[in-house]
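**Student:** Sequence:
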Amino acid sequence: MKILVAEDYGPLRLSISAALREAGYVVAHTADGAEAGWMLKEQEFAVAVLDIMLPNRSGLSLLEEIRKRDLDMAVLLITARDALEDRVAGLDMGADDYLVKPFALEEAMARVRALSRRRFGKGSTTIRAGGLEIDTVAKQVSRSGEVIELTAKEYSLLELLAMKGGEVVSRGDVWEQLYDFNFERGNSNVVEVFISNLRKKIEIPGEPSPIQTRRGLGYVLREVN
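Count along the sequence shown starting at 1, add 11, and that's the number in my numbering.
Mixed in with the good hints there might be a few duds.
[Claimed, not checked] Lysine-lysine pairs mimicking DSBU-like chemistry, simulated, CA-CA at most 30 Å apart: (1) 175 with 112; (2) 175 with 164; (3) 112 with 212; (4) 212 with 175; (5) 150 with 112; (6) 79 with 212; (7) 150 with 211; (8) 164 with 211; (9) 211 with 52; (10) 112 with 79.
Keep in mind the hints are simulated off the structure, nothing from the lab.
The structure presented is a predicted model; accordingly, all values stated were derived computationally and were not measured.
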């Protein structure tokens, strides 16, 4: 699952981003509102964490664009303690939740988790696919009750495939899930090698792999429900 963090105060932006990555999320972050707008056009996010007071473009302007484009994305606004009018405006414009500075990092994480559950699960936090159970809250994968040990990036990719509900995920989308958007692409076989390693961890020898390749299109996770 990919999260956008747009916050101009560096220490706060970096601490939120680091905590989200540690929890298994893929994070893109920026201190600039105009750059955040460009990211929203180029990438797909599950949740956007937006400071209202951003340079070059406000968080409210970004929220307005998200809702006008009808993007399937939850929005968490960050506001100043005395910005009541901004909070009201944000909620009226379609923000899902807000945080008032200063706030505890644990509260921010809890709100992101709640928004991700609300967006994807409609109350359910487990996705079943290809004989696997994917717990989107615990960030844990199991088969027949036995936990499968995955790295944070491996889990993130598997969750992306599961969230697509059996639809094909392009090679480019896989790349963006694994690396920051501006990461130099380098070796063209990186995605294939990563998918191969993930398959080895989750498949049962002699049975079809849960991750199937659609030649020229991308990858799909079978039997998602």
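**Student:** Could you grab the alpha-carbon distance between residue 175 and residue 112 and see if it respects the 30 Å cut-off?
**Tutor:** violated (34 Å)
**Student:** Next pair to validate is residue 212 with residue 175; report whether the Cα-Cα distance is within 30 Å.
**Tutor:** Roughly 21 Å separates the two Cα atoms, so the pair holds.
**Student:** Run the distance test for residue 150 versus residue 112: straight-line Cα separation, threshold 30 Å.
**Tutor:** With a Cα-Cα distance of about 28 Å, the restraint between residue 150 and residue 112 holds, given a limit of 30 Å.
**Student:** Sort out whether residue 211 lies within 30 Å of residue 164, counting only the CA atoms.
**Tutor:** Answer holds: residue 164 to residue 211 is near 15 Å, not above 30 Å.
**Student:** Hey, residue 112 versus residue 79, does the alpha-carbon distance stay inside 30 Å?
**Tutor:** Status holds; Cα separation ~27 Å.
**Student:** Are the Cα positions of residue 79 and residue 212 separated by 30 Å at most?
**Tutor:** violated (41 Å)
**Student:** Within a Cα-Cα threshold of 30 Å, do residue 112 and residue 212 meet the stated pairing?
**Tutor:** violated (42 Å)
**Student:** Residue 150 and residue 211: Cα distance at most 30 Å?
**Tutor:** Measuring from Cα to Cα gives roughly 19 Å; hence the hint holds.
**Student:** Would you mind confirming whether the straight-line C-alpha gap from residue 175 to residue 164 stays at or under 30 Å?
**Tutor:** holds (17 Å)
**Student:** Measure nothing beyond the straight line between the CA atoms of residue 211 and residue 52; if it is 30 Å or shorter, mark the hint as holding.
**Tutor:** violated (34 Å)
Of the numbered hints stated above, those contradicted by the structure are hints 1, 3, 6, 9, listed in ascending order.
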